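> Below are the chains, spelled out letter by letter.
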Amino acid sequence: MSYTLGELAELTNAELRGDPSRSISAIATLNNAGPNQLSFFTNSRYRQELLNTTAEAVVISYQEVDASPVDALVVDNPRAIYAQIAKLLYPEPQASAGCHPSATVSDDATIDPTASIGANCFIDRGASIGAGVQIGPGSVISKGVVVGAASRLVANVTLCDGVCIGERVLLHPGVVIGGDGFGLANNNGVWEKVPQIGSVTVGDDVEIGANTTVDRGALEDTVIEEGVKLDNLIQVAHNAHIGAHTAIAACTGIAGSAKIGKRCTIAGAAVVVGHIEIVDDVHISCMSVVTKSIRHPGSYSSGSPLQESGEWRKNAVRMKQLDAMARKIKALEDR
Amino acid sequence: MSYTLGELAELTNAELRGDPSRSISAIATLNNAGPNQLSFFTNSRYRQELLNTTAEAVVISYQEVDASPVDALVVDNPRAIYAQIAKLLYPEPQASAGCHPSATVSDDATIDPTASIGANCFIDRGASIGAGVQIGPGSVISKGVVVGAASRLVANVTLCDGVCIGERVLLHPGVVIGGDGFGLANNNGVWEKVPQIGSVTVGDDVEIGANTTVDRGALEDTVIEEGVKLDNLIQVAHNAHIGAHTAIAACTGIAGSAKIGKRCTIAGAAVVVGHIEIVDDVHISCMSVVTKSIRHPGSYSSGSPLQESGEWRKNAVRMKQLDAMARKIKALEDR
Amino acid sequence: MSYTLGELAELTNAELRGDPSRSISAIATLNNAGPNQLSFFTNSRYRQELLNTTAEAVVISYQEVDASPVDALVVDNPRAIYAQIAKLLYPEPQASAGCHPSATVSDDATIDPTASIGANCFIDRGASIGAGVQIGPGSVISKGVVVGAASRLVANVTLCDGVCIGERVLLHPGVVIGGDGFGLANNNGVWEKVPQIGSVTVGDDVEIGANTTVDRGALEDTVIEEGVKLDNLIQVAHNAHIGAHTAIAACTGIAGSAKIGKRCTIAGAAVVVGHIEIVDDVHISCMSVVTKSIRHPGSYSSGSPLQESGEWRKNAVRMKQLDAMARKIKALEDR
Numbered sequence: 001m002s003y004t005l006g007e008l009a010e011l012t013n014a015e016l017r018g019d020p021s022r023s024i025s026a027i028a029t030l031n032n033a034g035p036n037q038l039s040f041f042t043n044s045r046y047r048q049e050l051l052n053t054t055a056e057a058v059v060i061s062y063q064e065v066d067a068s069p070v071d072a073l074v075v076d077n078p079r080a081i082y083a084q085i086a087k088l089l090y091p092e093p094q095a096s097a098g099c100h101p102s103a104t105v106s107d108d109a110t111i112d113p114t115a116s117i118g119a120n121c122f123i124d125r126g127a128s129i130g131a132g133v134q135i136g137p138g139s140v141i142s143k144g145v146v147v148g149a150a151s152r153l154v155a156n157v158t159l160c161d162g163v164c165i166g167e168r169v170l171l172h173p174g175v176v177i178g179g180d181g182f183g184l185a186n187n188n189g190v191w192e193k194v195p196q197i198g199s200v201t202v203g204d205d206v207e208i209g210a211n212t213t214v215d216r217g218a219l220e221d222t223v224i225e226e227g228v229k230l231d232n233l234i235q236v237a238h239n240a241h242i243g244a245h246t247a248i249a250a251c252t253g254i255a256g257s258a259k260i261g262k263r264c265t266i267a268g269a270a271v272v273v274g275h276i277e278i279v280d281d282v283h284i285s286c287m288s289v290v291t292k293s294i295r296h297p298g299s300y301s302s303g304s305p306l307q308e309s310g311e312w313r314k315n316a317v318r319m320k321q322l323d324a325m326a327r328k329i330k331a332l333e334d335r
Numbered sequence: 001m002s003y004t005l006g007e008l009a010e011l012t013n014a015e016l017r018g019d020p021s022r023s024i025s026a027i028a029t030l031n032n033a034g035p036n037q038l039s040f041f042t043n044s045r046y047r048q049e050l051l052n053t054t055a056e057a058v059v060i061s062y063q064e065v066d067a068s069p070v071d072a073l074v075v076d077n078p079r080a081i082y083a084q085i086a087k088l089l090y091p092e093p094q095a096s097a098g099c100h101p102s103a104t105v106s107d108d109a110t111i112d113p114t115a116s117i118g119a120n121c122f123i124d125r126g127a128s129i130g131a132g133v134q135i136g137p138g139s140v141i142s143k144g145v146v147v148g149a150a151s152r153l154v155a156n157v158t159l160c161d162g163v164c165i166g167e168r169v170l171l172h173p174g175v176v177i178g179g180d181g182f183g184l185a186n187n188n189g190v191w192e193k194v195p196q197i198g199s200v201t202v203g204d205d206v207e208i209g210a211n212t213t214v215d216r217g218a219l220e221d222t223v224i225e226e227g228v229k230l231d232n233l234i235q236v237a238h239n240a241h242i243g244a245h246t247a248i249a250a251c252t253g254i255a256g257s258a259k260i261g262k263r264c265t266i267a268g269a270a271v272v273v274g275h276i277e278i279v280d281d282v283h284i285s286c287m288s289v290v291t292k293s294i295r296h297p298g299s300y301s302s303g304s305p306l307q308e309s310g311e312w313r314k315n316a317v318r319m320k321q322l323d324a325m326a327r328k329i330k331a332l333e334d335r
Numbered sequence: 001m002s003y004t005l006g007e008l009a010e011l012t013n014a015e016l017r018g019d020p021s022r023s024i025s026a027i028a029t030l031n032n033a034g035p036n037q038l039s040f041f042t043n044s045r046y047r048q049e050l051l052n053t054t055a056e057a058v059v060i061s062y063q064e065v066d067a068s069p070v071d072a073l074v075v076d077n078p079r080a081i082y083a084q085i086a087k088l089l090y091p092e093p094q095a096s097a098g099c100h101p102s103a104t105v106s107d108d109a110t111i112d113p114t115a116s117i118g119a120n121c122f123i124d125r126g127a128s129i130g131a132g133v134q135i136g137p138g139s140v141i142s143k144g145v146v147v148g149a150a151s152r153l154v155a156n157v158t159l160c161d162g163v164c165i166g167e168r169v170l171l172h173p174g175v176v177i178g179g180d181g182f183g184l185a186n187n188n189g190v191w192e193k194v195p196q197i198g199s200v201t202v203g204d205d206v207e208i209g210a211n212t213t214v215d216r217g218a219l220e221d222t223v224i225e226e227g228v229k230l231d232n233l234i235q236v237a238h239n240a241h242i243g244a245h246t247a248i249a250a251c252t253g254i255a256g257s258a259k260i261g262k263r264c265t266i267a268g269a270a271v272v273v274g275h276i277e278i279v280d281d282v283h284i285s286c287m288s289v290v291t292k293s294i295r296h297p298g299s300y301s302s303g304s305p306l307q308e309s310g311e312w313r314k315n316a317v318r319m320k321q322l323d324a325m326a327r328k329i330k331a332l333e334d335r
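Chains as they are written, first to last, in our numbering: chain A, 1 to 335; chain B, 1 to 335; chain C, 1 to 335.
By construction, these hints were calculated from the structure, which means they are not laboratory data. Values in this document were obtained by computation on a predicted structure and should not be read as measured data. Take these hints with a grain of salt, some might be off.
Claimed, not checked - Just so you have them, the derived chain B footprint on chain A, three or more residues with Cβ under 8 Å:
(1) 156-163
(2) 172-182
(3) 191-203
(4) 231-239
(5) 304-311
(6) 323-330
Using N, Cα and C, we set each Cβ at its ideal position, and we do this for glycine too.
Let's have the full structure, built from the sequences with the hints guiding it.
Here it is in structure tokens:
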């Protein structure tokens, strides 16, 4: 796969500064790019690498283009254009249509003839697999599951009974969607299971990272709206609702019935507790815990800063004395 | 599946306020329940929904029943009774007995004739699968594993050599039980593996959520007592011991040789460090870290509250100065 | 498997204090060891158990040997020697060579004749499986993957396209290596996927715990150097680089392009944010968050200590007033 710089400029509406006949066949970092390789400048941290780059050309913003030592595709949003060009140069491999002989497909499942069902997959009764869907090896598609057109389950994905997956959804290995929510009733010290009879709805263009889990709802569905991006090892509990185009980084936990708005970002290892609401356009920093509803867009954080361990121990002891310290200050002021 | 309100009252020892002939065939939320649908009131947060409900009837406590606009099953513990009725109306699907033709079962494994072994399962030598057990597709049951009667492995579960699972245990997709504990010996800067020759014992009526991992013991077994409920993406390290009827929410890590009492609750994303002991009836709040043994029942927390990020940055800097601040207060007081 | 105490002393260069003809056939804890069982003393927490042990013999340090009530193998590093003896007494089971009939192996994959491919595995085109490799049941080996000699994938492991695994690597169930990194470009409020065209390189003698995920690089490879030990449920993001002989405990997240030095230890549930660098020989305590580069070897911590929840709430409120408190102290001092 190879394009000229001129073709790429036209395909991406970029302003070309340089020779349109240059041939581009790969993408590489500023440091490592050489002949026929395109690079991009999106993070000022790497300015020195830009100045020294030997890339064939770079994708760069109007503000920065003058610093480029090589030809350039100039755009407003270099990272988005880089993404588009990468998709052109590295198209997703398409598995061939049909069911692998080692797959087990229920007689009454509906498999579009253009779908690909991989080795050792199991497709249970009533499942419906759309056009161009790729189900990777070892995946389990339970009763009544719907997978929309052009979605891809990479491998060893488990979809539990009745979950509904949109179109162009990408599920990485080990993802589990529709496991039972953690619904328990305490009956004289013994936990009784509360059947989880809701399901999960995953919108179009969602991506879910490796080993992430999304539980089915207790009564109604857990909902992941269109365009949501979930990283690896995230827990989404029953009846959570994640608004469109929200992105959540790895190791985060979203508790039951939490409602998260649209276009939010949640950094890694954060927690959103149950039964609260976060409005649109909220940004949560890494390892923060959200224990109350957030009513206003903005950035929010919690946590304490890293210190040399000896220092930390001395200061941590004081964290247990903060209220006393505050009262002492008050008393001193009153004097 | 359908019951009259009178039948449900009798089956659950509830006091019926209303018409015993009403037919109940489903459960729904207060907001959405309509004819023939039962709802329940267990969380005062949803009082307005109760007042407006159009459910056929509700399950409710004696204290709250007067607020119900519809017929009611009145009980001491509405959530527990809701759980029981949900099990009546939504019985677990029972897979048909026998081994799926695509499953591989070792000749000397013992499979009860009433057990169900799903597609693409592998059952290794010496394994013993009890009556009514359901092993979902893609599961791996290693050498010498014992699975007690009526347990269910939903799909893609891995049980490593020799682990012992009780009766009526429910293991969700992606669960791994009996992986090697993280046992290392440092030998001049190089980590040497310490063989993990213990196993895992899981008691009766345990439920373990999707992608949770329970490691085998170093010498003796990791133990999960009866009735323990583990949510998704939890790590239980080697030789941890979790007491009966303890419930642990998602993303929590229990380190090696930690001993947790009975009837504890640990909220999400918490950490219990290794080699400590927590007595019975302890409650740990979300994202707390337990670094010392807890000798007294009660509720415990750590962590810092969420703030607008700019505010947080100003305050976080001071967390590194707490000891100095405390000393200054002391000096001021001494003056 | 059984050795005399004399043989074990010779094999491990230990000083034998006692009868070389004693027969050792198992290892057990100080508490439980009996005839023919060896125990070891490595943690002063268990001194009372040493004094009461009925083990056939113990492995112990020169400093502590005088306290031993039984025969002893005396060494500098009892834990390392214990590891070596455990490997002698409990050798890893070796699966028999060849492909299980239920496995699917691509015609142009290269499988060493001494390798073992388990039930329901899928080995895709161009994969190369080295001598003595054991691929456990349900594993998926994608296109072009290389697995070095004597490595073992326990079960249900997924290796995505082109990842390169060293020799003697041990991958526990549910591990996913080479899933797409979380690469997104925001284009007017919609996330566009950035193709992840790097891969993953895993060095020799690496061990990776159950359900841990290691993402492929965006352009270049994610790198895990030789001897690294990763526990369960860890996330390693795209282009992270983990130095040789570093050990990381469970539930930790390593963000994108983080570079961690050699011989570091990171305790459980910690976070290392993206694009920072940690030098060699750094130790991070549990649930700490590393938000800046660490330039000096040493121990680092963050977090707040556990308190009774009522106390915690009073103190936590003050965490939002720390800057104000510091200013008040300053004002009082100025007076």
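> Could you run down the list of hints and mark each one as holding or not?
Consistency of the hints with the structure:
| no. | hint | in the structure |
| --- | --- | --- |
| 1 | 156-163 | holds (count 4) |
| 2 | 172-182 | holds (count 5) |
| 3 | 191-203 | holds (count 6) |
| 4 | 231-239 | holds (count 3) |
| 5 | 304-311 | holds (count 4) |
| 6 | 323-330 | holds (count 3) |
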